[in-house]
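Number of protein chains: 2
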Amino acid sequence: MKEVEALARQAREAAQAMARTSAEVKNRALQAMAQGLLDRHAEILEANAADLSVAEEKGHPAAFLDRLRLNAERVQGMARGLQEVAALPDPVGEVTGVARRPNGLWVGRMRVPLGVIAVLYESRPNVTADVTGLCLKAGNVVLLRGGSEAIRSNTTIAAVLTAAAEGAGLPKGAVGIVEVTDRAAVHALLKLDRYIDLVIPRGGEELVRTVRETSTIPVIAHEKGLCHMYVDAAADLPMAEELVFNAKVERPGVCNAVETLLVHEQVAADFLPKVGARLAAAGVELRGCPKTRTVLAHLPEATEKDWETEYLDLILAIKVVDSFEKAVAHIHRYGSGLAEGIVTADYRRGMRFLQEVDAGAVFVNASTRFADGGEFGLGAEIGISTQKLHARGPMGLKELTCEKFIVLGDGQVRDSRRPAG
Amino acid sequence: MKEVEALARQAREAAQAMARTSAEVKNRALQAMAQGLLDRHAEILEANAADLSVAEEKGHPAAFLDRLRLNAERVQGMARGLQEVAALPDPVGEVTGVARRPNGLWVGRMRVPLGVIAVLYESRPNVTADVTGLCLKAGNVVLLRGGSEAIRSNTTIAAVLTAAAEGAGLPKGAVGIVEVTDRAAVHALLKLDRYIDLVIPRGGEELVRTVRETSTIPVIAHEKGLCHMYVDAAADLPMAEELVFNAKVERPGVCNAVETLLVHEQVAADFLPKVGARLAAAGVELRGCPKTRTVLAHLPEATEKDWETEYLDLILAIKVVDSFEKAVAHIHRYGSGLAEGIVTADYRRGMRFLQEVDAGAVFVNASTRFADGGEFGLGAEIGISTQKLHARGPMGLKELTCEKFIVLGDGQVRDSRRPAG
Numbered sequence: 001m002k003e004v005e006a007l008a009r010q011a012r013e014a015a016q017a018m019a020r021t022s023a024e025v026k027n028r029a030l031q032a033m034a035q036g037l038l039d040r041h042a043e044i045l046e047a048n049a050a051d052l053s054v055a056e057e058k059g060h061p062a063a064f065l066d067r068l069r070l071n072a073e074r075v076q077g078m079a080r081g082l083q084e085v086a087a088l089p090d091p092v093g094e095v096t097g098v099a100r101r102p103n104g105l106w107v108g109r110m111r112v113p114l115g116v117i118a119v120l121y122e123s124r125p126n127v128t129a130d131v132t133g134l135c136l137k138a139g140n141v142v143l144l145r146g147g148s149e150a151i152r153s154n155t156t157i158a159a160v161l162t163a164a165a166e167g168a169g170l171p172k173g174a175v176g177i178v179e180v181t182d183r184a185a186v187h188a189l190l191k192l193d194r195y196i197d198l199v200i201p202r203g204g205e206e207l208v209r210t211v212r213e214t215s216t217i218p219v220i221a222h223e224k225g226l227c228h229m230y231v232d233a234a235a236d237l238p239m240a241e242e243l244v245f246n247a248k249v250e251r252p253g254v255c256n257a258v259e260t261l262l263v264h265e266q267v268a269a270d271f272l273p274k275v276g277a278r279l280a281a282a283g284v285e286l287r288g289c290p291k292t293r294t295v296l297a298h299l300p301e302a303t304e305k306d307w308e309t310e311y312l313d314l315i316l317a318i319k320v321v322d323s324f325e326k327a328v329a330h331i332h333r334y335g336s337g338l339a340e341g342i343v344t345a346d347y348r349r350g351m352r353f354l355q356e357v358d359a360g361a362v363f364v365n366a367s368t369r370f371a372d373g374g375e376f377g378l379g380a381e382i383g384i385s386t387q388k389l390h391a392r393g394p395m396g397l398k399e400l401t402c403e404k405f406i407v408l409g410d411g412q413v414r415d416s417r418r419p420a421g
Numbered sequence: 001m002k003e004v005e006a007l008a009r010q011a012r013e014a015a016q017a018m019a020r021t022s023a024e025v026k027n028r029a030l031q032a033m034a035q036g037l038l039d040r041h042a043e044i045l046e047a048n049a050a051d052l053s054v055a056e057e058k059g060h061p062a063a064f065l066d067r068l069r070l071n072a073e074r075v076q077g078m079a080r081g082l083q084e085v086a087a088l089p090d091p092v093g094e095v096t097g098v099a100r101r102p103n104g105l106w107v108g109r110m111r112v113p114l115g116v117i118a119v120l121y122e123s124r125p126n127v128t129a130d131v132t133g134l135c136l137k138a139g140n141v142v143l144l145r146g147g148s149e150a151i152r153s154n155t156t157i158a159a160v161l162t163a164a165a166e167g168a169g170l171p172k173g174a175v176g177i178v179e180v181t182d183r184a185a186v187h188a189l190l191k192l193d194r195y196i197d198l199v200i201p202r203g204g205e206e207l208v209r210t211v212r213e214t215s216t217i218p219v220i221a222h223e224k225g226l227c228h229m230y231v232d233a234a235a236d237l238p239m240a241e242e243l244v245f246n247a248k249v250e251r252p253g254v255c256n257a258v259e260t261l262l263v264h265e266q267v268a269a270d271f272l273p274k275v276g277a278r279l280a281a282a283g284v285e286l287r288g289c290p291k292t293r294t295v296l297a298h299l300p301e302a303t304e305k306d307w308e309t310e311y312l313d314l315i316l317a318i319k320v321v322d323s324f325e326k327a328v329a330h331i332h333r334y335g336s337g338l339a340e341g342i343v344t345a346d347y348r349r350g351m352r353f354l355q356e357v358d359a360g361a362v363f364v365n366a367s368t369r370f371a372d373g374g375e376f377g378l379g380a381e382i383g384i385s386t387q388k389l390h391a392r393g394p395m396g397l398k399e400l401t402c403e404k405f406i407v408l409g410d411g412q413v414r415d416s417r418r419p420a421g
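Note that the protein sequences, when read in sequence, are chains A and B. Heads up: the first sequence runs through residues 1 to 421, numbered per our numbering. Heads up: the second sequence runs through residues 1 to 421, numbered per our numbering.
Any given hint might turn out to be false.
As the list makes no split between identical chains, a pair holds if one copy fits it or if it spans any two.
[Said to hold, decoys possible] Okay, derived cross-link-like pairs now, DSS-like style, lysine-lysine, Cα gap no bigger than 27 Å in a straight line:
(1) Lys274 x Lys191
(2) Lys326 x Lys274
(3) Lys172 x Lys326
(4) Lys172 x Lys224
(5) Lys305 x Lys191
(6) Lys191 x Lys224
(7) Lys2 x Lys305
(8) Lys274 x Lys305
(9) Lys326 x Lys224
(10) Lys58 x Lys191
No lab work stands behind these hints, which were simulated from the structure alone. Nothing here was measured: the structure is a model prediction, and the numbers come from that model.
This is chain A alone, in the form it adopts within the complex:
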C-alpha cells in the first residue's frame, strides 16, 4: 500500500500551506471548482454512465442506481453547494477567551484547521464535491475514498476539483483521492495516524464499525438515527399529532425521522385513534405494544426487534408508557443519540427532558426532522455526529477545526514553587 502512504504523506505536506491560505484564496478556489464542475459536466456524466452500466450489469437494485446516478441537475446542485460554502464566514483564525493572567501573560485560544481529514463514503458521487468544499473552506486537506461502484465518477469529479483548486492557488495535494478500491487500501489508510488527523466515515453501519475497529486515527462517526417522539400526559394533542405526523411522514428515509412513538397512558385513548388513522391514511404501517393494542386492537404487536430498528421507511412502532421516567428510560436504552423529542405543555417535564435525555439534539415541541446543520443555522453540514467527542449533532465548518492555546508574553519565566495566581 505504498500508493496510499505516498498520497497521505503528500496530504500532510500540503496541510501546512493550506492552513496558511487566506479566506480570499479559499473562496476563489471554491468558486473555480463550482465553475469547473459546470464547464466539464459532460466528462463527469460520461464517467458516471460507465459506473452506472457496470452497476446495472452487477444487478444492483434501483434505489442503489438512483443514489449512484448523476444528471445535469445534480451536477448543478454540487456546484451550487460549493458556491454556498464559499459564501459562509471562514472559521479559521478566530481568537477567543483571551484573558490576562496575574503574571501579565495574555492567554487565549485560536481556531485553526484540523489538518488532514480522510472521508470514507459510499455510493453517492456528489459527496465528493460536498465534503471537499467543506474541508477546504475550513483550511484542511481532504483525502477522499468513495465506493468502488462510483470510482469513475469520483475520480473524474476529484480531477475537475483539483485542477480548479490548484489553478486558483491552493497547494498541490490539497485534494487527494484514493483510487485503489480494495479493502486493503482502506485498512492501510486507517493506520496512517502520523499523516491523518481525522477520519469521517459516511455510510452504513458496517462501514462505520469497520472504521472504528481498524482506525488508529480519531474517528467521528454518524452511526444511525433511531429517534423517538414522546407525547407527554400534558401534551397539546393537536400539536402532538402534527409533530408526530411530520417527524414520521415528511421524509421517512432520513436519519432524523422518528421510528418509535412513546405515548403517556393518560392520553393514549384520546390521542392514538386520531394520530393512528392519519398515519395509516398516509400509508404508515403501525406496530404496537400490548397497551397500544388495547386502544388500536387491529395493530400487529411490536417486538423487541422493533424498538431496536431504524426503519427508514413508512413504519412506526408505538409504545404506551405509564410515566415520564419510563419514556426517558426507553430512549436511554434504545435511542441512537441523534435526535429525541418531547411534546408537552408542562414546564418542568420539558426542562427535565432537555437535561436528562442524552442525544446530539433534544427537542421540546418541535419535529425531530429539524436536526440538520442548515436548519440549526450552521450554513452547511458534513454530517451528524452520533458520538460525544469533539462534535455532537450536526457538524458544520467549525467542527472541522480545532483550537490551540496562544500565549503572548513579555519575558515571563515560571517558578513552579509558586502556584499560578
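Based on the hints, put chain B in the right spot on chain A.
Just chain B now, kept in the frame of chain A:
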C-alpha cells in the same frame, strides 16, 4: 473478562444519575472524599507500604519507587486537590449560542457530561484521587485502571473515595476500579465502546500506543513533549537567555521543558556563548549542530536522534538556522505538538509564529514551562492533550464535557422542500 464488562455496565447505568447530580451534591461529595483520605490515611499508607515492598523486591529503580511512594504529605496533597476542584465552577448545564431561527425555533447548545471516562495510568497512586475528583466534578462516572505495582494503594484509595462519595449522595458505581491487573483486562476494556465514552491514557509512549491501536472507544492522549524555543534574529537576547534557561533548567523532567534550542545564525555568535556558559554552569549537557560548533567548538555533535529525543533531563540540543522558515520547518518535522515558543521583538514574525506553528500551545516571548492548566487559568488539569480532536493542550473540567443541541419550539414542523431561512 466478564468482571470488566460488569464493571463497565454498572458505570454506564450510574452515568445517567451522575449527569443529573447537582453541583451542590458533587461538591459535598468531593469534600467528603478529601476528608475520607485524611481520616483513613493509615490504611492507605499501609497498602502503599505493601506495594513498595513488592516493588523493591522486584528491583525497581529508585525513581520508580519514589513515584510509587505515598506519605502523610502526599495524602494531604491529594485531599487538598479534591478540595480545590470542589471550589471550581461546575461546567455542566451552561447554555450558549441560543439564537432564534426564522421559523421561531430557539436553537442553542447545552454543556453536559461525557458519560463514562476510563483513565489508564501508571505508577503514581495520587492519580487515583486526582482524576476521580475531576471526572466526578464534570458529572462523569470514572473507571480507573492503574499500574499493577500500585494495585493495593489504588484499590484502597478508590475504596475510601467510593465510600465517601456514596455517603454524600453520589450514585453507586460512580467510581469504578479495575482490579484485574493483566493485559487481557485492559484489552477487553478498550473494546467496550457501548459502555464507555472516552479513554484517557496517562503514561509512557508504550501505553499510549497500545491504547490507540486497541481501542474502539475515542481516545485523548498525552503523548510526549518535544518542545522547542526559537531565538529569532530580532530577539531581545537578555530576555531570550532568561527564557531558554527557565524552559530548560527550572524543571527538566516535565513535558513542557524545552529539548531543542533553535537560534537564528545572525545572533548565534552573540547569543550562544552567553547562554551556553550559563546552561553549562547549571549542569546542562549541550549538543550542537555543525554551525553551533563553529561558535561552541567544544560541544559534541547533535545527531538526527537528538532532534527526535524527549530528554526529560538536563540535556539540550542546539541548532542554528538561517531563516524563520527553517525554524518553523524544523518544529513542524520534530515537534510533538505540545508547546513551542519564539523569542522575537519583530511583530510580523511573532504573528506568523502564532499562526503557522501547529501545537497545543504556542508562545511568544514566554517560557514553554507555562503550558499547564493551572497557569492557563483552567483551575486544574487532567493532562495535556497532544492531539487535535475535542481537546488540545491543557485539559480542564470543560474538556471532560461535551455540548448537545437543544431546540425549543412551539409546534414547528419541517417542510424539506423549503430550505432553512
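Against the structure, the hints:
1. With identical chains, the CA atoms of Lys274 and Lys191 are never at most 27 Å apart, being 54 Å at best within one copy and 46 Å at best between copies.
2. In the homo-oligomer, the alpha carbons of Lys326 and Lys274 lie at most 27 Å apart inside one protomer (23 Å), although the nearest pairing across protomers, at 73 Å, exceeds that limit.
3. With identical chains, the CA atoms of Lys172 and Lys326 are at most 27 Å apart between copies only, with a shortest distance of 21 Å across copies and 56 Å within one.
4. Taking the shortest alpha-carbon separations for Lys172 and Lys224, neither the intra-copy value of 36 Å nor the inter-copy value of 31 Å comes in at or below 27 Å.
5. Taking the closest pair of Cα atoms, Lys305 and Lys191 come within 27 Å of each other only across two copies (24 Å); inside a single copy the shortest separation is 35 Å, beyond that limit.
6. Taking the closest pair of Cα atoms, Lys191 and Lys224 come within 27 Å of each other both inside a single copy (25 Å) and across two copies (20 Å).
7. In the homo-oligomer, the alpha carbons of Lys2 and Lys305 lie at most 27 Å apart only across protomers (25 Å), although the nearest pairing inside one protomer, at 44 Å, exceeds that limit.
8. In the homo-oligomer, the alpha carbons of Lys274 and Lys305 lie at most 27 Å apart inside one protomer (26 Å), although the nearest pairing across protomers, at 75 Å, exceeds that limit.
9. Taking the shortest Cα distances, Lys326 and Lys224 sit within 27 Å of each other inside one copy (23 Å), while across copies they are farther apart (47 Å).
10. With identical chains, the CA atoms of Lys58 and Lys191 are never at most 27 Å apart, being 31 Å at best within one copy and 36 Å at best between copies.
In summary, the structure is inconsistent with hints 1, 4, 10 from the numbered list given earlier, while agreeing with the others.
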